[in-house]
Amino acid sequence: MIKRAMVLVVLLLAFQAALATNYPLTVRDQLGHELTLPRAPTHIVSMIPSDTETVCALGACDALVGVDAFSDWPKQVASLPHLGNANAPDIERLVALKPDLVLTDEYSGLAARLEQLGIPVYAGTPQTYQGALDFLGVMGRLLDRQTAAALVRGRIEGQVAAVAAKVAKLPRVSVFVELDATPYSVGPGSYLGTLLEKAGGRTIVTRAMGEYPQVDPEYVVQQDPQVVLLMDAPYGQTVAKAEARPGWSGLRAVRDGRVLPLDQQQVDILSRAGPRMGDAVVLLAKLLHPGHF
Amino acid sequence: MARALARQGAARRTGPGPLLVSGLALAIVVVAAISVGSVRVLPGAVLGALLDGVRGHHSGTVDTIVWQLRLPRVLLASLVGASLALAGATFQGVFRNPLADPYLLGAASGAGFGASVVLVFAGAVPWLAHVGVGWAAFACALATVAVVALLARQGRGLPAVSLILAGVVLGSSLSAATSFLMLAARDRAAGILSWLLGSFAFASWDRVAAMLPLLVPAVLVLLLAGRALDVMQLGDESAAQLGVPVEAVKLILLATATLATAAAVSVAGVIGFVGLVVPHAVRLAFGPRHVRLIPLSAVWGAIFLVLADLCARTVLAPAEIPVGIVTALVGGPFFLLLLRRQRSGS
Amino acid sequence: MSLEIRALRAGYGEQDVLRSCDLRLEPGEVVGVVGPNGAGKSTLVRVLTRRLPVRGGSVSVDGRPLDRFGRLELARKMAVVPQLPELPAGYTVRELVSMGRTPHLGLLRPERDEDRRAVEAALRTTDTLRLADRPATRLSGGERQRVVLARALAQSPRYLLLDEPTNHLDLRYQVEVLAFTRREVQRGMAALVVLHDLNLAASACDRLVVLQEGRNVAEGPPARVLTAPLVSRVYGTDVEVHALGTRPLIVPRFDRA
Numbered sequence: 001m002i003k004r005a006m007v008l009v010v011l012l013l014a015f016q017a018a019l020a021t022n023y024p025l026t027v028r029d030q031l032g033h034e035l036t037l038p039r040a041p042t043h044i045v046s047m048i049p050s051d052t053e054t055v056c057a058l059g060a061c062d063a064l065v066g067v068d069a070f071s072d073w074p075k076q077v078a079s080l081p082h083l084g085n086a087n088a089p090d091i092e093r094l095v096a097l098k099p100d101l102v103l104t105d106e107y108s109g110l111a112a113r114l115e116q117l118g119i120p121v122y123a124g125t126p127q128t129y130q131g132a133l134d135f136l137g138v139m140g141r142l143l144d145r146q147t148a149a150a151l152v153r154g155r156i157e158g159q160v161a162a163v164a165a166k167v168a169k170l171p172r173v174s175v176f177v178e179l180d181a182t183p184y185s186v187g188p189g190s191y192l193g194t195l196l197e198k199a200g201g202r203t204i205v206t207r208a209m210g211e212y213p214q215v216d217p218e219y220v221v222q223q224d225p226q227v228v229l230l231m232d233a234p235y236g237q238t239v240a241k242a243e244a245r246p247g248w249s250g251l252r253a254v255r256d257g258r259v260l261p262l263d264q265q266q267v268d269i270l271s272r273a274g275p276r277m278g279d280a281v282v283l284l285a286k287l288l289h290p291g292h293f
Numbered sequence: 001m002a003r004a005l006a007r008q009g010a011a012r013r014t015g016p017g018p019l020l021v022s023g024l025a026l027a028i029v030v031v032a033a034i035s036v037g038s039v040r041v042l043p044g045a046v047l048g049a050l051l052d053g054v055r056g057h058h059s060g061t062v063d064t065i066v067w068q069l070r071l072p073r074v075l076l077a078s079l080v081g082a083s084l085a086l087a088g089a090t091f092q093g094v095f096r097n098p099l100a101d102p103y104l105l106g107a108a109s110g111a112g113f114g115a116s117v118v119l120v121f122a123g124a125v126p127w128l129a130h131v132g133v134g135w136a137a138f139a140c141a142l143a144t145v146a147v148v149a150l151l152a153r154q155g156r157g158l159p160a161v162s163l164i165l166a167g168v169v170l171g172s173s174l175s176a177a178t179s180f181l182m183l184a185a186r187d188r189a190a191g192i193l194s195w196l197l198g199s200f201a202f203a204s205w206d207r208v209a210a211m212l213p214l215l216v217p218a219v220l221v222l223l224l225a226g227r228a229l230d231v232m233q234l235g236d237e238s239a240a241q242l243g244v245p246v247e248a249v250k251l252i253l254l255a256t257a258t259l260a261t262a263a264a265v266s267v268a269g270v271i272g273f274v275g276l277v278v279p280h281a282v283r284l285a286f287g288p289r290h291v292r293l294i295p296l297s298a299v300w301g302a303i304f305l306v307l308a309d310l311c312a313r314t315v316l317a318p319a320e321i322p323v324g325i326v327t328a329l330v331g332g333p334f335f336l337l338l339l340r341r342q343r344s345g346s
Numbered sequence: 001m002s003l004e005i006r007a008l009r010a011g012y013g014e015q016d017v018l019r020s021c022d023l024r025l026e027p028g029e030v031v032g033v034v035g036p037n038g039a040g041k042s043t044l045v046r047v048l049t050r051r052l053p054v055r056g057g058s059v060s061v062d063g064r065p066l067d068r069f070g071r072l073e074l075a076r077k078m079a080v081v082p083q084l085p086e087l088p089a090g091y092t093v094r095e096l097v098s099m100g101r102t103p104h105l106g107l108l109r110p111e112r113d114e115d116r117r118a119v120e121a122a123l124r125t126t127d128t129l130r131l132a133d134r135p136a137t138r139l140s141g142g143e144r145q146r147v148v149l150a151r152a153l154a155q156s157p158r159y160l161l162l163d164e165p166t167n168h169l170d171l172r173y174q175v176e177v178l179a180f181t182r183r184e185v186q187r188g189m190a191a192l193v194v195l196h197d198l199n200l201a202a203s204a205c206d207r208l209v210v211l212q213e214g215r216n217v218a219e220g221p222p223a224r225v226l227t228a229p230l231v232s233r234v235y236g237t238d239v240e241v242h243a244l245g246t247r248p249l250i251v252p253r254f255d256r257a
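Chains as they are written, first to last, in this note's numbering: chain W, 1 to 293; chain D, 1 to 346; chain B, 1 to 257.
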């Protein structure tokens, strides 16, 4: 008995040890550049809102010293210095914070500039569901929070699995996701399209139309979606205005009162491929299958 | 004030005075710009950092901020401002039109398109990422103007109207293509827009070094072209009758100005009004003789853009206004003022 | 030392405007070229300034064909006073006249004393010295034409080509321009003047060449050339010609119109 307990303890300790990061740590970011961290970072700057959420979800929120202007979750980051955004950064202030790790995107050129200044940078922005899950793992390694990363990942997958189990028995709901009034929508290959799938819905946009296509308004009317999600509601779009569009009065979504405006918080949750992905899928499931969730 | 200066005529027209004074103004503006930024650094510390750097040791955050961020930024703004003003003065001289600006032949639209292609496709096409936004913008700007020149060629000449028409047509097409890219790849739209509006946030010694080999020869060529530009103001025919090889001079000057413009746009994005307003103002204040107009435009272009960038990064700190917006907000009304002065004067 | 044009043929596109033009210009004389519109006067000027190619016949300056001259070389020999001169804003009269020294200086060499002297002389001849420091935009029509003439004189040319230099000027300035030209010609220059006004041509020129449909129809001193039958035929309207001293006076007849 005691032997078994001891084996368990040894296994647990070994497990823990295996889950601890060994520094100095060298990783390759999504631009292919190598980054070496001598120890766990304690002065982190995040220029991407989803990265900020990830860092905090892993329990390293106290290590954040600066964020971009769009990072707003969790609430405690609001009091951190704001550094513009990746395309128009306040590099001076960033440098003055003496960060030992900066998280930014691959496209703005900020990563290259910071490397020139000798600041450790990880460039990469997950754009897909799977990519975001993998990113959790990478961040867990970088920040020596691998256990937390595994837990967050497990939680997300659990939420998604729970939703999947329920919606498997329900008919799929057709959805028109309105990004703006042009209208722009999302295809099934996009991040939001993937989440919709997992929540028992499907976008009326076909795969052939692309990931963020401009859609013909006639097409929307012809497809007669069951639910309309107004992602542009925080920017002035209203249900009344949408329902007044030509041809919309006959839509199922209008008749059943399922033209749904989203608030800024909900839009953020649905747009950021980060630790709140599970919440995003749950939110969608609630919107698409009210009464079941 | 400009009219009073012009009336003083002869006394102002020769002599190194204005150039020295302008140079001094530039030095003062540069020092002021280096001392100010979103992080408060006391003037004494700035001086200390400068001296440290000169002596060869760099240490500490202040040194990094002054030497790696502010100094290259201010220098780059000066070089870009000088390039755009020089190009503007040249275009205004060659086309004999005070409304000409460096983007007349499509350099800006070409650069924007090149930059957008890289920003949108660099993920999928790795060698694009290798080339980089700056070089793509530079190459496309040059290619666009070359195509415009080929389209406008008539025999051995480059008639002004044909050049302008071709420039407008090609420029519009490329702008439309850029807009299409921005809409087709919406997640990159913000990045493209930022690039188009112009910014010195990513200024670095690399970019300064990239500009110098283009700007220095351009300045030399344009300085030597002073008399040619003056005589060409008489009209193509009169200038030819005085022995000026008009078409060859036009070609060389337009090519030089385009190089300077392409270099400026590739390191800083599309910054408007500098090339239009600065040479105009300098001409009103100091006269049209190009031997003087050229160098003074360069200096005042530098001053204007350094000050514009200073506003861009301090007025709404810690947010930055794209410098192209500042030059438009300042340049637009200033240009209207110049126009009114000119109309009431003549 | 002369400008010789023999059987010159030139034109635009498929058309020939000048079919056969002969002209000889020597130092010390003012030769006028007259004729109705379309006769080829402007075409002649364009050939001499090398904007149009010689299609037939020959043009030689001081014994050499026109196309054998380098750009600067030709500009040192021949100066042009254009029909509609442009005087760009902001430059002073002296600066504009100094541009006339370009053929001697090229694009890069600085001004020398002899250049400054040539400019001064040109300003004095055209009585524009007192305007020297004035900006070109503040000149009257007559003053502007004198400045353009001064620029041409500053080129120190041997041949002066004036292309309808009097068209928009008041009578006084028409006379001035031609008087200053005659003064220079007396000092050794040769002048070819394209004119519209027959009487002005008759008074100011030593010899006239009358062009019609691209050919010479007459050539010689005004009194001999401008006869009533010739003028009536060439211009298609009846005129009377009276002698005024040694010069003819052409008077159109309105009663027969």
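Calculated directly from the structure, the hints in this document are not laboratory data. Note that this is a predicted model, so its numbers are computed, not measured. We put the CB at the ideal spot given by N, CA and C, even for glycine. Each hint should be verified, as a subset may be incorrect.
[Said to hold, decoys possible] Here are the simulated EDC-like cross-link-like pairs (lysine to aspartate or glutamate), alpha carbons at most 20 angstroms apart as the crow flies:
no. : chain 1 : residue 1 : chain 2 : residue 2
1   : W       : Lys75     : W       : Asp279
2   : W       : Lys166    : W       : Asp62
3   : W       : Lys198    : W       : Glu218
4   : B       : Lys77     : B       : Asp133
5   : B       : Lys77     : D       : Glu237
6   : W       : Lys98     : D       : Glu237
[Said to hold, decoys possible] One side only, chain B facing chain D, incomplete, derived with CB under 8 angstroms:
no. : residue
7   : Val80
8   : Glu86
9   : Leu107
10  : Leu108
11  : Val217
12  : Pro221
Do the hints match the structure? See the list:
1. A hinted pair counts as satisfied when its Cα atoms are at most 20 angstroms apart, and W/Lys75 with W/Asp279 qualifies at roughly 17 angstroms.
2. Proximity of W/Lys166 to W/Asp62 is assessed by CA-CA distance (about 38 angstroms); at most 20 angstroms being required, the pair is judged violated.
3. A hinted pair counts as satisfied when its Cα atoms are at most 20 angstroms apart, and W/Lys198 with W/Glu218 does not qualify at roughly 27 angstroms.
4. At roughly 28 angstroms between alpha-carbon atoms, B/Lys77 and B/Asp133 are farther apart than 20 angstroms, so this suggested pair is violated.
5. About 17 angstroms separates the Cα atoms of B/Lys77 and D/Glu237, which keeps this hinted pair within 20 angstroms; it holds.
6. For the hint pairing W/Lys98 with D/Glu237, the CA-to-CA distance comes to about 64 angstroms; that exceeds 20 angstroms, so the pair is violated.
7. Hint on B/Val80 holds. Least Cβ distance to chain D is approximately 5 angstroms, under the 8 angstroms limit.
8. For B/Glu86, the interface hint holds, the least distance from its beta-carbon to any beta-carbon of chain D being 5 angstroms, beneath 8 angstroms.
9. Interface hint at B/Leu107: satisfied, since its Cβ lies 5 angstroms from the closest Cβ of chain D, which is below the 8 angstroms cut-off.
10. The beta carbon of B/Leu108 comes within 6 angstroms of a beta carbon in chain D, closer than 8 angstroms, and the hint placing it at the interface holds.
11. This hint is violated: B/Val217 has a C-beta 29 angstroms from the nearest C-beta of chain D, more than the 8 angstroms allowed.
12. Here the hint on B/Pro221 is broken, as its CB sits about 30 angstroms from the closest CB of chain D, past 8 angstroms.
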